[in-house]
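With chain A's structure known, arrange chain B on it following the hints.
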Amino acid sequence: MVDLYSPTPTDGYGTPTSALQTATENLIASHILPAGTGLQPELQKRFHFEFLLRNLRQGFPERYVSQDASQPWLIYWTLHGFSIFGAGLDDLTKKRSIETLLALQHPEGGFSGGPGQAAHLLPTYAAVCAFAVVGRPGEGGGWESINRKKLYEFFMSLKQPDGSFLVSHHGEVDVRGVYCLLAVATLLNILTPELLSGVPGFLASCQTYEGGFGNASFPGWAFETGPSNTYDPSAPRPPLGEAHGGYTFCATASWVILRSFIDLYHAPASPPTSISLPPAPRINTGALLRWCAQMQGLPIELGGFKGRTNKLVDGCYSWWVGGCFVLVEALLGVGAHHESPIEETAGEEAGHKAWDDVDDSLFNRKALQEYILLPGQHPAGGLRDKPPKGADAYHTLYCAAGLSAAQHRVVPSEPRKNAIISAWDAEQARAKDDTGLRTTSDAERAQLDALRRETFAHALSWTEEEGTALYVGGAGNRVNATHPLFNLTVTHTELMMAYFYGQTLPPRAAPPHAKK
Amino acid sequence: MSDLLADDSEWADVVPIRQYENVNPVAPIFYTEEYKDATDYFRAVVKSGETSPRVLKLTEKIIRMNPAHYTAWQHRYKTLVALKSDLEEELRLMDDLAKQFMKTYQVWHHRRLLLTAINSVDAAVLELEFLRDVLDVDTKNYHTWSYRQWILAHFNNETRLWARERAYLEDLLEADVRNNSAWHHRFFVVYASGIRLGDEDREQVRRRELSFAKEKIALAPNNPSAWNYLRGVLEFTKTPFVELASFVEPYTAVQPPSASEEVVDLDNPLPTESAQLPCVAALEFMADAYEKQGGDATAKAVEIWKSLANERDVMRKKYWEYRIRDAL
Numbered sequence: 001m002v003d004l005y006s007p008t009p010t011d012g013y014g015t016p017t018s019a020l021q022t023a024t025e026n027l028i029a030s031h032i033l034p035a036g037t038g039l040q041p042e043l044q045k046r047f048h049f050e051f052l053l054r055n056l057r058q059g060f061p062e063r064y065v066s067q068d069a070s071q072p073w074l075i076y077w078t079l080h081g082f083s084i085f086g087a088g089l090d091d092l093t094k095k096r097s098i099e100t101l102l103a104l105q106h107p108e109g110g111f112s113g114g115p116g117q118a119a120h121l122l123p124t125y126a127a128v129c130a131f132a133v134v135g136r137p138g139e140g141g142g143w144e145s146i147n148r149k150k151l152y153e154f155f156m157s158l159k160q161p162d163g164s165f166l167v168s169h170h171g172e173v174d175v176r177g178v179y180c181l182l183a184v185a186t187l188l189n190i191l192t193p194e195l196l197s198g199v200p201g202f203l204a205s206c207q208t209y210e211g212g213f214g215n216a217s218f219p220g221w222a223f224e225t226g227p228s229n230t231y232d233p234s235a236p237r238p239p240l241g242e243a244h245g246g247y248t249f250c251a252t253a254s255w256v257i258l259r260s261f262i263d264l265y266h267a268p269a270s271p272p273t274s275i276s277l278p279p280a281p282r283i284n285t286g287a288l289l290r291w292c293a294q295m296q297g298l299p300i301e302l303g304g305f306k307g308r309t310n311k312l313v314d315g316c317y318s319w320w321v322g323g324c325f326v327l328v329e330a331l332l333g334v335g336a337h338h339e340s341p342i343e344e345t346a347g348e349e350a351g352h353k354a355w356d357d358v359d360d361s362l363f364n365r366k367a368l369q370e371y372i373l374l375p376g377q378h379p380a381g382g383l384r385d386k387p388p389k390g391a392d393a394y395h396t397l398y399c400a401a402g403l404s405a406a407q408h409r410v411v412p413s414e415p416r417k418n419a420i421i422s423a424w425d426a427e428q429a430r431a432k433d434d435t436g437l438r439t440t441s442d443a444e445r446a447q448l449d450a451l452r453r454e455t456f457a458h459a460l461s462w463t464e465e466e467g468t469a470l471y472v473g474g475a476g477n478r479v480n481a482t483h484p485l486f487n488l489t490v491t492h493t494e495l496m497m498a499y500f501y502g503q504t505l506p507p508r509a510a511p512p513h514a515k516k
Numbered sequence: 517m518s519d520l521l522a523d524d525s526e527w528a529d530v531v532p533i534r535q536y537e538n539v540n541p542v543a544p545i546f547y548t549e550e551y552k553d554a555t556d557y558f559r560a561v562v563k564s565g566e567t568s569p570r571v572l573k574l575t576e577k578i579i580r581m582n583p584a585h586y587t588a589w590q591h592r593y594k595t596l597v598a599l600k601s602d603l604e605e606e607l608r609l610m611d612d613l614a615k616q617f618m619k620t621y622q623v624w625h626h627r628r629l630l631l632t633a634i635n636s637v638d639a640a641v642l643e644l645e646f647l648r649d650v651l652d653v654d655t656k657n658y659h660t661w662s663y664r665q666w667i668l669a670h671f672n673n674e675t676r677l678w679a680r681e682r683a684y685l686e687d688l689l690e691a692d693v694r695n696n697s698a699w700h701h702r703f704f705v706v707y708a709s710g711i712r713l714g715d716e717d718r719e720q721v722r723r724r725e726l727s728f729a730k731e732k733i734a735l736a737p738n739n740p741s742a743w744n745y746l747r748g749v750l751e752f753t754k755t756p757f758v759e760l761a762s763f764v765e766p767y768t769a770v771q772p773p774s775a776s777e778e779v780v781d782l783d784n785p786l787p788t789e790s791a792q793l794p795c796v797a798a799l800e801f802m803a804d805a806y807e808k809q810g811g812d813a814t815a816k817a818v819e820i821w822k823s824l825a826n827e828r829d830v831m832r833k834k835y836w837e838y839r840i841r842d843a844l
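Here the protein sequences come in this chain order: A and B. Heads up: the first sequence begins at 1 in the numbering used here, then just goes up one per residue. Heads up: the second sequence begins at 517 in the numbering used here, then just goes up one per residue.
The following block holds chain A by itself, in its conformation from the complex (with noise of 0.2 angstroms):
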């Protein structure tokens, strides 16, 4: 019989990569709670608050001068932080916080890491996600101050022939900056066929043979840039680094958010058109959920998850990809939002029975909440990497993300969806239209108003699955759920979108059937 909490097996021929792997797990293992005790896992919010508040109130240490020009995610990674512990922030924080993102505002279009600095693509994600958190509509609110169209000019300056973008002028091409762009395009209703031309096939040119995504890929041989740009097919396209999670989830994430705008531009094109269409790109979902499954580490790594192949577990990855499956079992068409009632039962076993037999996940909720509340949260507050790590405001975000998606499942609902597009109303999305696009015919005007009402209904489409919540702990350990696809909390993301879509969303259903 295998004994649960092996290590990992060396077969007696020690590497650099596994005495470092031995090591840790030796020192991860030493968090695990002795079985028979009764003692359950207790997340410190209070602890975990303070160390957010003394971040926004007194400002952060002079080891912070590395993320000088990384300063809008200070804010994003707090201020959401919050969100996911269940905090509300107080107006005079929020007006603050308003100020000071809006002097992160480029003058030529997008958000930058400080005043002063380039303008940046992710800067730009984690600002205007920030601004979903504290703005609203009205004055002194924030959003109606966000230049979309200069926003919209400077995303397209980054455009490379390839798909890609830069993540700023003369920057490096990256996927986590595509990720920023279309993100920050969804939210803001900046989305057209000129702006996502050419990105699906990049992004699926960023697969690796491990089945997750690399930082990007080499251009060179497909795209001859020169006085006639050309585009050879059959050249190869290989991608620069190694499957890793920050990347994968980025990919993922890219891939879901574009659905819409593949299946309208690209053969086969549904509803079918006369227009000639480019084939649809793919990727291999069945192995991108492999390589996703793998990075999940053993019991005694508390079940971890790791950023890459033979690399240690890290918080982070809790998110990048614990964070990551359901947007891939969203793409392989399963888990879909249950109609049927699921019981609550009281004694934890009993419980944890009836739920495993209905919880549709495809990885292990239950030893990745172990791992952030055991060797994840730092015991002064905030949680980490791993001990004896510190903590910082990024870890503390992504593992609270991690945390939020084990204990939640948000999936996308096609009743929900359809709600949306009965309730869409194609004038007022036009009207806030402000990327100064002109179509050409009919027919280009009803491709771009259905890629918005598409991309629209399907991203507010996400939902808590009724009765799949699981806290480890108990649910006074519970943290609100987070949106797979921006990592913002459900409301703030609808909120967001119904103005810049000019949308009134319908009310939701209650749920068919009441909890017992």
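Treat the hints loosely; a few may be bogus.
[Unchecked claim] List time: in silico EDC-like cross-link candidates among lysine to aspartate or glutamate, alpha-carbon distance up to 20 angstroms:
{"#": "1", "chain 1": "B", "residue 1": "Lys834", "chain 2": "A", "residue 2": "Asp359"}
{"#": "2", "chain 1": "A", "residue 1": "Lys366", "chain 2": "B", "residue 2": "Glu837"}
{"#": "3", "chain 1": "B", "residue 1": "Lys822", "chain 2": "B", "residue 2": "Glu837"}
{"#": "4", "chain 1": "B", "residue 1": "Lys594", "chain 2": "A", "residue 2": "Glu62"}
{"#": "5", "chain 1": "A", "residue 1": "Lys366", "chain 2": "B", "residue 2": "Asp519"}
{"#": "6", "chain 1": "B", "residue 1": "Lys577", "chain 2": "A", "residue 2": "Glu108"}
{"#": "7", "chain 1": "A", "residue 1": "Lys95", "chain 2": "B", "residue 2": "Glu537"}
{"#": "8", "chain 1": "B", "residue 1": "Lys833", "chain 2": "A", "residue 2": "Asp359"}
{"#": "9", "chain 1": "B", "residue 1": "Lys577", "chain 2": "B", "residue 2": "Glu605"}
{"#": "10", "chain 1": "B", "residue 1": "Lys822", "chain 2": "A", "residue 2": "Asp359"}
{"#": "11", "chain 1": "B", "residue 1": "Lys833", "chain 2": "A", "residue 2": "Asp3"}
{"#": "12", "chain 1": "B", "residue 1": "Lys822", "chain 2": "A", "residue 2": "Asp360"}
{"#": "13", "chain 1": "A", "residue 1": "Lys94", "chain 2": "B", "residue 2": "Glu537"}
{"#": "14", "chain 1": "B", "residue 1": "Lys808", "chain 2": "B", "residue 2": "Glu819"}
{"#": "15", "chain 1": "B", "residue 1": "Lys822", "chain 2": "B", "residue 2": "Glu765"}
{"#": "16", "chain 1": "B", "residue 1": "Lys834", "chain 2": "A", "residue 2": "Asp360"}
{"#": "17", "chain 1": "B", "residue 1": "Lys754", "chain 2": "B", "residue 2": "Asp804"}
{"#": "18", "chain 1": "B", "residue 1": "Lys730", "chain 2": "B", "residue 2": "Asp692"}
{"#": "19", "chain 1": "A", "residue 1": "Lys306", "chain 2": "B", "residue 2": "Asp692"}
{"#": "20", "chain 1": "B", "residue 1": "Lys552", "chain 2": "A", "residue 2": "Glu62"}
{"#": "21", "chain 1": "A", "residue 1": "Lys306", "chain 2": "B", "residue 2": "Asp654"}
{"#": "22", "chain 1": "B", "residue 1": "Lys833", "chain 2": "A", "residue 2": "Asp360"}
{"#": "23", "chain 1": "B", "residue 1": "Lys563", "chain 2": "A", "residue 2": "Glu108"}
{"#": "24", "chain 1": "B", "residue 1": "Lys822", "chain 2": "A", "residue 2": "Asp3"}
[Stated by the list, open to error] Pairwise CB distance ranges (calculated):
{"#": "25", "chain 1": "B", "residue 1": "Ala528", "chain 2": "A", "residue 2": "Tyr231", "range": "50 to 56 angstroms"}
{"#": "26", "chain 1": "A", "residue 1": "Arg57", "chain 2": "B", "residue 2": "Asp687", "range": "51 to 57 angstroms"}
{"#": "27", "chain 1": "A", "residue 1": "Ala446", "chain 2": "B", "residue 2": "Asn540", "range": "28 to 34 angstroms"}
{"#": "28", "chain 1": "A", "residue 1": "Leu92", "chain 2": "B", "residue 2": "Lys619", "range": "34 to 40 angstroms"}
Derived by calculation from the structure, the hints in this document are not laboratory data. As the structure is a prediction and not an experimental result, all values here were calculated from the model. We put the CB at the ideal spot given by N, CA and C, even for glycine.
Below, chain B without anything else, positioned relative to chain A:
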């Protein structure tokens, strides 16, 4: 002696720009005086668009304090170009910085811009050498490997650049057969980026790569990197998984064969005495081979997935159960 530009007469003509004017920023960072001073002057320089030798000094100062300051790097590059500076000299100046801050994107992207502008295979050769030194220290540095792959592809010189990669990788895997970055790089060199000079016989390459993967699996079977590589080669070359069944099966046994038992088959290296079996990756492989065969073999796949779910790889129980559902 003050290190501040505010006290430096060379900068007397520039009015520094504070970061936040009329804004009480939320979640501020506690900068050192030196950093605040340098970046206040930098903001002024960005605004005026100055590209002079003193800007080179200033940007170097900033990036040494914060190597992630991408605007400082960008402006530095712009300045180097405007001054028609010796870019190879810049590369050498930046070597220390790259070694010190090797986990930062910007140090690598800067080198890439320089190498693109220098545009010589000689420089690329030197750069690959430099990267070996960096990888000596951090064998899995993500940016370094990604950059190495870009150099090889961009300059695309078979005899001077590509030719030595496989031998280099074999050394790395000799030192650590579990280095996934090295395995990935091998796939990049041999398959993902086209056909290497000397690798025109694709069947010979297929046999060579499979043989290499099998040999490494035999050394330490519980090594996901080697199995992923093996699977990658099979998928890429459209080789049916079942072709490797006789190699894989001994790794699914509950213990390694005793020394005398098996005849040595060089094509199918056996697990050593110290192999810890059964190897989960081998079980998974057989299940995949059965599933691909279909028909009656599917039941055998299901049996393996059940044993993985309930006994051998319980962490991934949900995944194995999904595989069962999906196959039936």
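Hint check:
1. Lys834(B) <-> Asp359(A): holds (9 angstroms)
2. Lys366(A) <-> Glu837(B): Roughly 16 angstroms separates the two Cα atoms, so the pair holds.
3. Lys822(B) <-> Glu837(B): holds (7 angstroms)
4. Lys594(B) <-> Glu62(A): Distance of about 29 angstroms is beyond 20 angstroms: violated.
5. Lys366(A) <-> Asp519(B): violated (54 angstroms)
6. Lys577(B) <-> Glu108(A): violated (27 angstroms)
7. Lys95(A) <-> Glu537(B): The hint holds at about 16 angstroms.
8. Lys833(B) <-> Asp359(A): Measuring from Cα to Cα gives roughly 12 angstroms; hence the hint holds.
9. Lys577(B) <-> Glu605(B): This hinted pair holds, its Cα atoms lying about 17 angstroms apart.
10. Lys822(B) <-> Asp359(A): Given that 20 angstroms is the threshold and the Cα spacing comes to 18 angstroms, the pair holds.
11. Lys833(B) <-> Asp3(A): Distance of about 16 angstroms is within 20 angstroms: holds.
12. Lys822(B) <-> Asp360(A): Cα-Cα ~17 angstroms, so holds.
13. Lys94(A) <-> Glu537(B): holds (18 angstroms)
14. Lys808(B) <-> Glu819(B): holds (15 angstroms)
15. Lys822(B) <-> Glu765(B): holds (18 angstroms)
16. Lys834(B) <-> Asp360(A): It holds: about 8 angstroms lies between the C-alpha atoms, which stays within 20 angstroms.
17. Lys754(B) <-> Asp804(B): Holds, at about 14 angstroms.
18. Lys730(B) <-> Asp692(B): holds (16 angstroms)
19. Lys306(A) <-> Asp692(B): holds (19 angstroms)
20. Lys552(B) <-> Glu62(A): Roughly 11 angstroms separates the two Cα atoms, so the pair holds.
21. Lys306(A) <-> Asp654(B): holds (18 angstroms)
22. Lys833(B) <-> Asp360(A): Cα-Cα ~12 angstroms, so holds.
23. Lys563(B) <-> Glu108(A): holds (13 angstroms)
24. Lys822(B) <-> Asp3(A): Roughly 17 angstroms separates the two Cα atoms, so the pair holds.
25. Ala528(B) <-> Tyr231(A): 50 to 56 angstroms: holds (54 angstroms)
26. Arg57(A) <-> Asp687(B): 51 to 57 angstroms: With a Cβ separation near 53 angstroms, arginine 57(A) and aspartate 687(B) satisfy 51 to 57 angstroms, so the hint holds.
27. Ala446(A) <-> Asn540(B): 28 to 34 angstroms: Once the Cβ atoms are compared, 48 angstroms apart, the range 28 to 34 angstroms for asparagine 540(B) and alanine 446(A) is violated.
28. Leu92(A) <-> Lys619(B): 34 to 40 angstroms: holds (37 angstroms)
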